[in-house]
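Engineer: Sequence:
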Amino acid sequence: MELRHLHAFLAVAEELHFGRAAERLHVAQSPLSQTVRALERELGTDLFVRTTRSVRLTAAGEALVGPARTIEAQIGIVKGIAQAAAAGETGRVTVGFGGAGGYTVLSVLARSLADAYPGIELDLRPQMYSGEVLDALTRGTLDMGIVGLPVPRGFATHTVLEEALMVAVPAGHRLVDAGAVVPQELASERFVIYPAEHGSVVRDATLALCAAAGFAPVVAHEAPD
1 MELRHLHAFL AVAEELHFGR AAERLHVAQS PLSQTVRALE RELGTDLFVR
51 TTRSVRLTAA GEALVGPART IEAQIGIVKG IAQAAAAGET GRVTVGFGGA
101 GGYTVLSVLA RSLADAYPGI ELDLRPQMYS GEVLDALTRG TLDMGIVGLP
151 VPRGFATHTV LEEALMVAVP AGHRLVDAGA VVPQELASER FVIYPAEHGS
201 VVRDATLALC AAAGFAPVVA HEAPD
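Each residue of the sequence shown is one higher than the one before, counting from 1 in this note's numbering.
Certain hints may be false.
[To be verified] Now the in silico label distances, taken between C-beta atoms and shown as ranges: (1) Leu3 <-> Ser30: 19 to 29 angstroms; (2) Val93 <-> Ser30: 43 to 53 angstroms; (3) Ala220 <-> Val93: 37 to 47 angstroms; (4) Gly140 <-> Gln83: 17 to 27 angstroms; (5) Pro150 <-> Glu2: 56 to 66 angstroms; (6) Gln83 <-> Val167: 51 to 61 angstroms; (7) Gly140 <-> Val65: 40 to 50 angstroms; (8) Gly179 <-> Ala86: 46 to 56 angstroms.
Hints are computed from structural coordinates only; laboratory data are not their basis.
All C-beta atoms, glycine included, are put in the ideal place defined by N, C-alpha and C.
Between the sequences and the hints, there should be enough to build the whole structure, so can you do that?
Structural biologist: As structure tokens, this is what we get:
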């Protein structure tokens, strides 16, 4: 049994007229009749009572209408899923990110994605450093990532958020009420920064700013988030 047999059967069952069913399916009446006959032979029973003036369903034909409609509807769903997947409108997207900025971007991304592509499921991988995200993208275990710039050549990027680099100091520190801080004011301070092995762009940016200001920071501790 082929799908065309069920399409032909349903068209005749709903029209109860071979001519109108043929017009509906955009085929000639004779091939349509042959298709229905082939289905009847395969099932071993008549589905229609045919006379020169009318067409009506047999008991077997009436029993087949419901299941045939269900199959046709399911085929439509399958086609829709396949077409949406081909168009990139369904599936799973794995996203790696870390830091407060990552959560900020993710909240906007998730909402926009749900509105535009409700068939897309986000698989979130939090608490990743930028270097880890880039490594995972290279290996193919992530589809996209939220990282800090700069990014090495070979990656497609789009800037979605700009953040200021902040300095955290304890209560009572001389810079608590300073507002903006220039790097030179930190030359005598002891730093707590992210560890080198994870590929933190915040660490890299901090070291670069200090170097541009003419000093190497004294790193007292390295710590993750």
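Engineer: Are the hints correct? Go through all of them and say.
Structural biologist: Okay, the hints, checked on the actual structure:
1. At about 20 angstroms, the CB distance of Leu3 to Ser30 agrees with the hint of 19 to 29 angstroms.
2. With their beta carbons about 51 angstroms apart, Val93 and Ser30 fall inside the hinted range of 43 to 53 angstroms.
3. With their beta carbons about 40 angstroms apart, Ala220 and Val93 fall inside the hinted range of 37 to 47 angstroms.
4. At about 25 angstroms, the CB distance of Gly140 to Gln83 agrees with the hint of 17 to 27 angstroms.
5. Judged by the Cβ atoms, the range 56 to 66 angstroms given for Pro150 and Glu2 holds: they are separated by roughly 58 angstroms.
6. For the pair Gln83 and Val167, the supplied restraint of 51 to 61 angstroms holds, since their beta-carbon distance comes to about 52 angstroms.
7. Our hint of 40 to 50 angstroms for Gly140 and Val65 holds, since their Cβ atoms are close to 48 angstroms apart.
8. Taken as a hint, the range 46 to 56 angstroms holds for the pair Gly179 and Ala86, whose Cβ atoms sit roughly 54 angstroms apart.
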